[in-house]
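Peer 1: What follows is each chain in one-letter form.
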Amino acid sequence: MSEKNVLVIGAGVTGIQAAIDVANQGIKTYLVEKSPSVGGHMAQLDKTFPTLDCSACILTPKMVDVARHPHIELLTYSEVKEVTGTAGNFTAKIEKKPRYIDENICTGCGHCAIHCPVEVPSEFDEGIGVRKAIYVPFPQAVPLVYTIDKDACIECELCQNICEAGAVKYDQEPEEIEVNVGSVIVATGYDLFDATNLKNYGYGVYDNVLSSLEFERLLSASGPAGGHVFRLSDGKIPRRIAFLQCVGSRDPEHGMPYCSRVCCMYAIKNAILAKDHIHGGCDTTIFYIDVRAFGKGFDEFYQNAQTRFGVKFVRGKVGEIVEDEATKNLLVRVENTETGELNQEEFDMVVLSSGLVPSQNSSEIGKILNLPTDQYGFFEEASRILPVDTKIEGVYMAGVCESVKDIPDSVGQGSAAAMRASLKAI
Amino acid sequence: MEEEPRIGVYVCNCGINIGGVVNVDDVAEYASKLPNVAVARSHLYMCSDRGQSMIKEDIDEFKLNRVVVASCSPRMHEPTFRKVIEEKGLNKYLFEQANLREHVSWVHSNQPEKATEKAKDLVRMAVAKSRLLEPLPQHMVDVKGEALVIGGGTSGLSAAKNIADRGFKVHLVEKTPNFGGKMAQLYKVYPTFDDPQELLNPLIKDVMEHPNIISYLSAEIADIEGYIGNYRAIIREQVEEKEIEFGTIVVATGYQPYDPTGEFTYGNHPNVLTLLELHQLLRDDGPTQGNLVTPAEGKTPRSIAFISCVGSRQNEDTIPEGKKPNKYCSRVCCTGMIATSMEVLEKEPNTDIFVLYRDLRTHGKGHEELFTDFRQTGSTMIRYTDDQMPLVSVTQGSEYPLAVRSYDTLSGMNIEMPVDLVVLATGMIPDDSAAHIASKLHITMSADGFFQELHPKLAPLDSVTDGVYLAGCTQGPKDVPDSVSQAFGAAAKACSPMAQGRVEVESTISVINEDYCTGCGVCQGSCEFSAIVFEDKPDGKRISKVIEALCKGCGSCGSACPSGAITMLNFKDRQLDAMVRAALLEG
Amino acid sequence: MVEVQEMPKEAIDFEPKIIGFLCNWCSYAGADLAGTSRVQYPTNIRIVRVMCTGRIDPQLVLNAFRYGADGVLIAGCHEGDCHYIGGNFRAYRKYLLLREFLRKMGMHEKRLRLEWVSASEGEQFGKVVREMVDDIKELGPSPLGITATGGIVVDEGEIKI
Chain A
1 MSEKNVLVIG AGVTGIQAAI DVANQGIKTY LVEKSPSVGG HMAQLDKTFP
51 TLDCSACILT PKMVDVARHP HIELLTYSEV KEVTGTAGNF TAKIEKKPRY
101 IDENICTGCG HCAIHCPVEV PSEFDEGIGV RKAIYVPFPQ AVPLVYTIDK
151 DACIECELCQ NICEAGAVKY DQEPEEIEVN VGSVIVATGY DLFDATNLKN
201 YGYGVYDNVL SSLEFERLLS ASGPAGGHVF RLSDGKIPRR IAFLQCVGSR
251 DPEHGMPYCS RVCCMYAIKN AILAKDHIHG GCDTTIFYID VRAFGKGFDE
301 FYQNAQTRFG VKFVRGKVGE IVEDEATKNL LVRVENTETG ELNQEEFDMV
351 VLSSGLVPSQ NSSEIGKILN LPTDQYGFFE EASRILPVDT KIEGVYMAGV
401 CESVKDIPDS VGQGSAAAMR ASLKAI
Chain B
1 MEEEPRIGVY VCNCGINIGG VVNVDDVAEY ASKLPNVAVA RSHLYMCSDR
51 GQSMIKEDID EFKLNRVVVA SCSPRMHEPT FRKVIEEKGL NKYLFEQANL
101 REHVSWVHSN QPEKATEKAK DLVRMAVAKS RLLEPLPQHM VDVKGEALVI
151 GGGTSGLSAA KNIADRGFKV HLVEKTPNFG GKMAQLYKVY PTFDDPQELL
201 NPLIKDVMEH PNIISYLSAE IADIEGYIGN YRAIIREQVE EKEIEFGTIV
251 VATGYQPYDP TGEFTYGNHP NVLTLLELHQ LLRDDGPTQG NLVTPAEGKT
301 PRSIAFISCV GSRQNEDTIP EGKKPNKYCS RVCCTGMIAT SMEVLEKEPN
351 TDIFVLYRDL RTHGKGHEEL FTDFRQTGST MIRYTDDQMP LVSVTQGSEY
401 PLAVRSYDTL SGMNIEMPVD LVVLATGMIP DDSAAHIASK LHITMSADGF
451 FQELHPKLAP LDSVTDGVYL AGCTQGPKDV PDSVSQAFGA AAKACSPMAQ
501 GRVEVESTIS VINEDYCTGC GVCQGSCEFS AIVFEDKPDG KRISKVIEAL
551 CKGCGSCGSA CPSGAITMLN FKDRQLDAMV RAALLEG
Chain C
1 MVEVQEMPKE AIDFEPKIIG FLCNWCSYAG ADLAGTSRVQ YPTNIRIVRV
51 MCTGRIDPQL VLNAFRYGAD GVLIAGCHEG DCHYIGGNFR AYRKYLLLRE
101 FLRKMGMHEK RLRLEWVSAS EGEQFGKVVR EMVDDIKELG PSPLGITATG
151 GIVVDEGEIK I
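Residue numbers (the numbering used here), protein chains in the order written: chain A, 1 to 426; chain B, 1 to 587; chain C, 1 to 161.
FYI, nobody ran anything at the bench for these hints, they're computed from the structure. Mixed in with the good hints, there may be bad ones.
[Said to hold, decoys possible] Straight-line C-alpha distance at most 25 Å; calculated SDA-like pairs for lysine to any residue:
#, chain 1, residue 1, chain 2, residue 2
1, A, K312, B, N315
2, C, K127, B, R75
3, A, K317, B, T409
4, B, K324, C, E123
5, B, K83, A, R68
6, A, K317, B, T380
7, B, K114, A, H228
8, B, K114, C, V133
9, A, K28, B, Q500
10, C, K137, B, R581
11, B, K56, A, A165
12, B, K88, A, H71
13, B, K188, A, A382
14, A, K317, B, Y357
15, C, K127, A, T51
16, A, K28, B, A499
17, A, K317, B, R358
18, B, K327, A, T307
19, B, K144, A, E3
20, A, K275, B, K114
21, B, K63, A, T107
22, B, K323, A, Q303
23, C, K127, A, T307
So that you can see chain A by itself, here it is in the shape it has in the complex:
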């Protein structure tokens, strides 16, 4: 065991990988996650591009690894409140929020949730599905321990009475933990661009206009629809789905000037999955500016989408979406830049390929650590050839909090940050 430790903030796939790679070198690692479970956004996805692997299937072994690793101390439902010191000698104050459940006793059996009378929209399901006031965010959660959302809880005490293990503890208090570490890795990920401000698309107004993450949850076998895609307005199966690219991205006026890099690929993937999941057929059209299929296997995936799966591509940024009040179908108005024509086509459902922005968590952690960011909130790198070093010595970053990237690049950066962090912990 080395003398010093490493703190990893954020336990999405990037933070998980970083923690594993540090711990594998025999260095004690604290992995802190704000939500009740590790996994991040990757756990919400149905399948990943370009290989169409089941996302949960490839993520869960790593999630379990991180919980079991002898050198990793996993602190979920916890937040870093303060970090002081310098490289080689940081002190971090971490608050463990009360779950009102004793982690050591809860077996994850779920009887409490079955009987809980309160239902609220589920964050994990992007508000489409519901969860109880006592909940785990998703079935493969790690740790598999329930949490009581005190804001939703009506204090009926049914859960306490039902729990055979006696794990419910209403009087739990927040716990403050102080750790001393040699270096810190920030892996706080992203939020999806909120398309509500794009009035011309009707997101948040029209029932059948969804964000990409909402659509992922519909596609997911463990999601609110069990993997069957249906319309939120009437429960009918959509037979014509439009995917709109560059929602928020490449849009200095209403969103961000930068490219969100993964949306072309995830839209192609979702279009293919829509066709796969919807029995009886589904037409999918992707409205794009440039198809950015740049990574390993990406272009081949793009070709396949057209030739094998019949996904249609129309070059044009959609100008406006209008809802038919009676049917709740959507009219998509776009200038097809290849033909020069102004088109109007009706769809049953529209999925907005929203861009990725630095997460709210990134912003908070950035302030705590005094990390310089660029104008969008992504953390700045020390130099072109030190891409995972932040401008503060001893603090490293990985994943989308540094800049938008896909899963392989995020995982690779997690390992990179682990290398850099380990040098300050030996």
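Since chain A is already given, all that's left is putting chains B and C on it; use the hints.
Peer 2: Only chains B and C this time, still in chain A's reference frame:
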């Protein structure tokens, strides 16, 4: 095994991935009736915490000594489940997995009854093998705390420095006389317009002065042999040969630029250049001292056409005869092309720039903003598709030496551009040393010819061979920050076994039954890894013996042995035969 | 003079039983890729995973036919790609010998198929299985029937050796 097998069978729904096609409960019910099966269950997600706990509880309750999980491919979760039973004190080789997802539900989606029957057969086969499984001892090998880094470009340098900083000795081998690789040849790196020398020189200096790094320039690897933790190589530096020993390897052989000879008149006229060649012209230390002049006339170019996707995104119809199409995108050329155009405009603001592209892939950090700036320059962008490739021709008696003709899909017009220079944004292909390295290290290539990672998401930096890691363009085209990230990551991967000092290797190796072995040596000839040698026994008999740490468990020896003296642990003849019997005779 | 005779075709809905020996690194991964790509193929094949096709003892193949397989597929890595360098070449040599031997046993050579399928050839794997099922449906059930003891039984037709 003296004790009676007591098998637990677990059939996974995998959400609806399996359960949506295969009647998983039926299969579990069927399994419960097979001989030696003590318990059989179905579950939603066997790989989840709950699923894994279920197995552990059953091991206690039913005194299980074998476990079969029927779920996804063993290539995915075999290690996961092996760990589960290990935690309960069972040897991890007492586990067998049946593939009901990749090999059943996903490929027979419209045949649920037949798929369910097949699932039952596969479970029966796995149970048949599991009856005959034996515990295998764990093999640990020591790992030498020294690394070999192949390639002294940006990735190799970054990996070497970090491994060395971590405290391990590094042998850094570079085939050219200088460190810096392809990045050192560039004029600038983008989108920050950094001078590559300014970025590289401190790193190169650090590497050359580092007490833990031994640098070999103008050197090549003549031979490598060994296995993780225990490698030996001969490095040939010009004429001198040196033998070294080390524990891990980072492959950072990079790329070479695509050669577009025969395309777009390249090779037929000196004014048709690749992007890299244009960079040489722009460099202050280049052939024209940084003056942008045309090679043929030596004059400032009035107009330049850039053509993207040369050597990338090809298909069989668009490539010259005899070449294999590079179907992949080279990832960096769009940004390189746009940024270099802006460099040209910086030097010669009056130049007319034409950019011929298919999709403009300025995707990285800061790249789109660069493209936005480029669009302010008033340059012309022409979008072509690969069914109508642009044509470049040498003009006769015209003011301009070259003409480019292209159909623009956005205006619907055929456009002809008279130009002084044509610049081809050529893609990346694997370095020509890659094939040699691949054969020496037994690592494989992906369909695009670059080295294949063990798993694109779970292990993007590991090669398929333990102890060998991949960094930079050797694994696929990428820019400088991504290459460096990968290099740091590969360094972390290499440091892991070295920091631990020892690592577990394959237990599923060959064993020779001394009584049956006649010492004929046929097995030795069949072993690619030199893992079998003769051994003289005290009674004077000479037989063959397996060197366990070298054995990869491939089984070539076993099928060659005329006496039937060799078998492969965990893949024994009778275990495989039991599976075949189960598939055909039982059920 | 060896005369080879195939069995008469049986009922139209004869479903061949095919055993496939697939190597862990290439063809098994290719079959996995066929799965992730949702390539569809008939259910007739039962796959046995080995680490390398070089491992396949001819006796395993012969036993498979003894036990009643109508076809056997050996699928390994392409030339030069074997994870253990040359195991696939060895498999090929054994395949040639086996093919001869089986011919003399009265088996049509299409019943034993050797294919190189890489880890990235999911489509190819599906195609191979489809073709093989079609081929063997044409040929009918294997002339080597089975008994409960696993011995060789000669069916109504004749096998002249």
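Peer 1: Given the proposed pairing of B:K144 with A:E3, does the C-alpha separation stay at or below 25 Å?
Peer 2: 22 Å, holds
Peer 1: For B:K188 and A:A382, compute the direct alpha-carbon distance and say whether it is at most 25 Å.
Peer 2: 18 Å, holds
Peer 1: With a cut-off of 25 Å on the C-alpha distance, tell me whether C:K127 and A:T51 pass.
Peer 2: 19 Å, holds
Peer 1: Can the restraint linking A:K317 and B:T409 be considered satisfied, given a maximum Cα separation of 25 Å?
Peer 2: 16 Å, holds
Peer 1: Run the distance test for A:K317 versus B:R358: straight-line Cα separation, threshold 25 Å.
Peer 2: 17 Å, holds
Peer 1: Assess, step by step, whether the Cα of C:K137 is no farther than 25 Å from the Cα of B:R581, and give holds or violated.
Peer 2: Distance of about 22 Å is within 25 Å: holds.
Peer 1: Hey, B:K114 versus A:H228, does the alpha-carbon distance stay inside 25 Å?
Peer 2: Distance ~23 Å between B:K114 and A:H228 Cα, so the pair holds.
Peer 1: Sort out whether C:V133 lies within 25 Å of B:K114, counting only the CA atoms.
Peer 2: Holds, at roughly 15 Å.
Peer 1: For the pair we were handed, C:K127 and A:T307, check the Cα-Cα distance against 25 Å.
Peer 2: Distance ~17 Å between C:K127 and A:T307 Cα, so the pair holds.
Peer 1: Does the alpha-carbon distance linking B:K323 and A:Q303 stay inside the 25 Å limit?
Peer 2: Status holds; Cα separation ~20 Å.
Peer 1: Is B:K88 within 25 Å of A:H71, Cα to Cα?
Peer 2: 20 Å, holds
Peer 1: With a cut-off of 25 Å on the C-alpha distance, tell me whether B:K324 and C:E123 pass.
Peer 2: The given pair, whose Cα atoms are some 19 Å apart, holds under the 25 Å limit.
The structure fails none of the hints (numbered hints given earlier).
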